[in-house]
Each structure stands twice: as C-alpha cells, then as structure tokens.
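Visitor: Fit chains B and C to the known structure of chain A by using the hints.
Protein chains in written order, with the working numbering: chain A, 1 to 80; chain B, 1 to 76; chain C, 1 to 309.
Just to be clear, a hint being listed does not mean it is correct.
Pairwise CB distance ranges (calculated) [unchecked claim]: (1) Trp16/A to Leu9/B: 41 to 47 Å; (2) Gly32/B to Ile271/C: 25 to 31 Å; (3) Glu94/C to Arg4/A: 28 to 34 Å; (4) Asn87/C to Asn40/B: 31 to 37 Å; (5) Leu97/C to Arg39/B: 26 to 32 Å; (6) Arg5/A to Ile271/C: 19 to 25 Å; (7) Leu36/A to Met78/C: 39 to 45 Å; (8) Leu199/C to Leu74/B: 47 to 53 Å; (9) Arg4/A to Asn50/B: 37 to 43 Å; (10) Leu97/C to Ile20/B: 38 to 44 Å.
For the record, the hints were derived by calculation from the structure and aren't laboratory data.
For clarity, every value in this text was computed on a predicted model and none was experimentally measured.
Where a beta carbon is used, it is the ideal one built from N, C-alpha and C, also for glycine.
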Amino acid sequence: MDKRRAEVIRFIGIGWYIAACILLGALGGRWIGQKLDGRSSEIIFTILGFILGLIAAVLGVYRMFRAIENNNQDKSRGNR
Amino acid sequence: MTPEAMRLLGAGLAIGLGAIGPGIGVGILGFGAMQALGRNPEARGAILTNMMVAIAFTEAISIYALIVAIILALLK
Amino acid sequence: MPKLGVKSKLAIGGIVVILLIAIGRLFFPVPQPGLELAANYSEPFYKLGPIYITNTLITSWIGIIVLIGFFYFATRKMKLVPKGLQNFAETIIELLLDFVEGVAGKENGRRFFPVVAAIFLYVLFNAWLALLPVFNFIGINQMQADGTSIYVPILRAANTDMNVPLMLALVSFFSVEYWGITSLGLRHYLGKFFRFGQLFQGLGQLIRGKVKSAVSAFLYGAIDVFVGALELLSEFVRIISFTFRLFGNMTAGEILLLMMAFLIPWIIPAIFYGLETFLGFVQAFIFAGLTLVFATMAVAAHESEHQKS
Chain A
1 MDKRRAEVIR
11 FIGIGWYIAA
21 CILLGALGGR
31 WIGQKLDGRS
41 SEIIFTILGF
51 ILGLIAAVLG
61 VYRMFRAIEN
71 NNQDKSRGNR
Chain B
1 MTPEAMRLLG
11 AGLAIGLGAI
21 GPGIGVGILG
31 FGAMQALGRN
41 PEARGAILTN
51 MMVAIAFTEA
61 ISIYALIVAI
71 ILALLK
Chain C
1 MPKLGVKSKL
11 AIGGIVVILL
21 IAIGRLFFPV
31 PQPGLELAAN
41 YSEPFYKLGP
51 IYITNTLITS
61 WIGIIVLIGF
71 FYFATRKMKL
81 VPKGLQNFAE
91 TIIELLLDFV
101 EGVAGKENGR
111 RFFPVVAAIF
121 LYVLFNAWLA
131 LLPVFNFIGI
141 NQMQADGTSI
151 YVPILRAANT
161 DMNVPLMLAL
171 VSFFSVEYWG
181 ITSLGLRHYL
191 GKFFRFGQLF
201 QGLGQLIRGK
211 VKSAVSAFLY
221 GAIDVFVGAL
231 ELLSEFVRII
241 SFTFRLFGNM
251 TAGEILLLMM
261 AFLIPWIIPA
271 IFYGLETFLG
281 FVQAFIFAGL
291 TLVFATMAVA
301 AHESEHQKS
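Bound-form chain A, shown alone:
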C-alpha cells in the first residue's frame, strides 16, 4: 500500500510540476517585459517565457517518466 501511495503522489506531482513550470515561465516572461517598459515587449517576452516553460515542463515530464520506468524495471528484475 505504501508503494502504491508513493506512485500516486509522484503522478500528482507531475501534474503540479507541469502547471508550475508553464505558469512560472509565462509570468516570469511578463515581469521581464514589464520591466523593459513597452507594451510590445511585454507580449513578446510573455510568449517566450511560455515556450521556455513548456519546453522545461516537457523535458522534466519525460525524465520523470523515464525514472518511474527504470524504477519498475529494477524492481521486477530484482524479484527474480
């Protein structure tokens, strides 16, 4: 039961990680754009921040799934 709970919390963590990455990227980009003081730079930096956040989220999720799969494989291999 504990192993199951750890996996469930891991998966919930993936969802929060995606949302946090994307939001931080977009909001950070908007903040930078506001500092640079111009309506157009705000827009461009928001979008750039969003794309960076998206890339970070996708890479992070990929790595996390790889980690889960390696974990499972190690466990099943250790059971023999």
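Guide: Frame of chain A; chains B and C shown alone:
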C-alpha cells in the same frame, strides 16, 4: 416587450428547442449500438467507432443551436 | 489519539477542502469572467501590412512550432529499431496509418495519409495546448475604439477563432476534390454531379418515336439531375458544417471551463478538464475521419445507371 427581453427569450428558446432533436437522435443511436453490441460482442471496436462518428454528426446540429443562442445572448 | 483508518482520513480531508472552498467563495469573491466570441474579441496586437496578428494566430504558430519540433527531434539519427522519441512518434504514425488504411484501402490510404494525419494532429495539438494553465489568463489592457479598456489575453485557443476551422474545412474540401479529379478524370468526376445522361437518352428515344419509354426516361432523368444537384450542394454545405462543428465544440468547451472554474474551484474543473481533453481528441478524430470518408467516396468510380431499353 423590450428588444433586450426578446433577445434573451430567443436565446433560451434557441438552445432549448434546438437540443431536443439531437438528444433524441443520440438516444436512438445509443439504442442501436447497444443492440448491435448485445448481438455481437466481438465487433466492439467497429461498433464503437461508428457510433462515435454518428454521434458527432448529430451533435453538430445541437452545436449550431448553441452558437445561435450564444450570439443572441452575449453579442451586443 | 486513536489511530484513524483510511476512510475517516479521507472524510476529514474532504470536509477540509469543502470548508476552504466555502470560505473562499464568501470572503474573496471574484467577478464573473466576461465572455466574448472570437469574432469580435481576438484583438489585434500588431499590423504587419494588411495582416492583423491576433492572439489566436500566435497560438496556432505555437502549435505549428510544437508539432514540427516534435517530429524533427524524433527523426534525427533514425535507427532501424527505434527507441525513445522516435518510438513514440512511430506509434502515433502507425496508429493513424492503420486507421486510414482501414477505411480507404491500401493504396488510397497512402495517398490520403499526409493530409488526413496532418489535419488530425494539428486539431489535436491546438485543442490540447489550450488546456494548459496560461491560456485565456495572462493578458494586457487595451484601449478599444469606444474609449473603454478591456483585458485581452495574450494566448487563446486557436480552434476558437472561426478562421482556423474554416481554413481546415477549405483544405479538406479542396483536397477531396483534387483527389477525386485526379483519380477519375475531370469528365467522369463532374459526371457525378451533372447527370444529364438519362435526359439525353429520353430525348433520343423521343426522336426515334418510342414515346412511352421516352416519358419514363425523362422522369428518371429529371430525378437524376436533381440528385446530382443535391450532391453538388452537399459538397459545399460540408465546408460550413465542418467549420461550425469544430468551432462550436471548442468555443462551448472554453466557455464551459471558464464558468466551471468560477463556480466551484479546485474540484469540479478537474472533471471538466478531463471532458475537454476527451472532446478535443474526438473532434480531431471526427474531422480527419470525415475528410477520409468523403475522400474515399469521391474516388469511388460512379457506376452509371443507364438503362438500355
């Protein structure tokens, strides 16, 4: 009645009456799919796929009604 | 303290969440979101000559970049036995190819596959990209023509702008016509819609003097012409039907999500996000599948029902 009231009334009627037909249609589709599934449980994939396609067709008509209702109610 | 079982812990957690939501609704009220259709809402940010850059245009560009980037990185250093990203991309392509060939047959399936798969993947990515947290949320204030300033989000789902479904419907329409004409030849293909063969037969029989068969041939000929005209009309009505189906589903979904997020935060929107994910997939599948079905019908040879009497 004021035009405002007429618009809102029209919006309500549009989506209300417009969803009756597709609702009955989707129900008939589901009935046919269930019957076919009961007779031949092995053809589950094909039945499900075709049912989805047919449901999308009928639901498109209720979406038209929804668009009319949204335009009436929300656009100035 | 007595040891709590799992069920009572869940019950306490549920009650705490409900209390938090109730307190939040009472003490921190949020105004209802303003809903506008994209027709008069996606405010342009720049003007590049005659082209307005709207927020949905930016989103569709992001969708294109994501798609092209994904397949570019999947096909670098291709190996015969795939692993990793290439494996994933190959799974997607194989599923789509099986579906397309299942409906259209082997050789026609290969011909239809690029356009159909591209339409499917594009609609799917646009629909799913719009579920990320940033959309319809971060924006700027803009002065409108009549003096009021409204809040315009920078990113908005591309499928909710009427232009994108219209573009896809036109692409699908022209592709189907192109495949039909290159498969059957221009005369045979147009002969499906303008079926004057029976009428001319009737005329010929009238000239030769067989009045009775001429009358029946005229009757069937008139019905044939009518049926052909109806088919021609339905080809064009299909454009409108495709457009409104995709646009209506996506806009209704967006409004639904906005409303749900403002009604009961935290719990209910999760369910509706699942619904929207499923709906995006179904709409992409329907669009591509219908294009495929109409293309298959368009390249099927039209057996002429001329009766020799």
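Visitor: Range first: 26 to 32 Å. Now tell me if the beta carbons of Leu97/C and Arg39/B are that far apart.
Guide: holds, 31 Å
Visitor: Take a look at whether the Cβ-Cβ distance between Gly32/B and Ile271/C falls inside 25 to 31 Å.
Guide: holds, 28 Å
Visitor: Does the hinted range 47 to 53 Å hold for Leu199/C and Leu74/B at CB?
Guide: Between Leu199/C and Leu74/B, where Cβ atoms are some 50 Å apart, the hint holds.
Visitor: Between Arg4/A and Asn50/B, does the beta-carbon spacing fit 37 to 43 Å?
Guide: The hinted range 37 to 43 Å holds for Arg4/A and Asn50/B, with Cβ atoms some 38 Å apart.
Visitor: Can you let me know if the beta-carbon spacing of Trp16/A and Leu9/B is within 41 to 47 Å?
Guide: holds, 45 Å
Visitor: Go ahead and decide if the range 31 to 37 Å is satisfied by the Cβ distance of Asn87/C to Asn40/B.
Guide: Between Asn87/C and Asn40/B, where Cβ atoms are some 35 Å apart, the hint holds.
Visitor: With 19 to 25 Å as the target window, see if Arg5/A and Ile271/C comply at their CB atoms.
Guide: Cβ of Arg5/A to Cβ of Ile271/C: about 23 Å, so the range 19 to 25 Å holds.
Visitor: Return holds or violated for the Cβ distance of Leu97/C and Ile20/B against the range 38 to 44 Å.
Guide: At 40 Å between Cβs, range holds.
Visitor: Per the hint of 28 to 34 Å, is the separation of the Cβ atoms of Glu94/C and Arg4/A within bounds?
Guide: holds, 32 Å
Visitor: Holds or violated: the 39 to 45 Å window for the beta-carbon distance between Leu36/A and Met78/C?
Guide: holds, 42 Å
In this structure, every one of the numbered hints holds.
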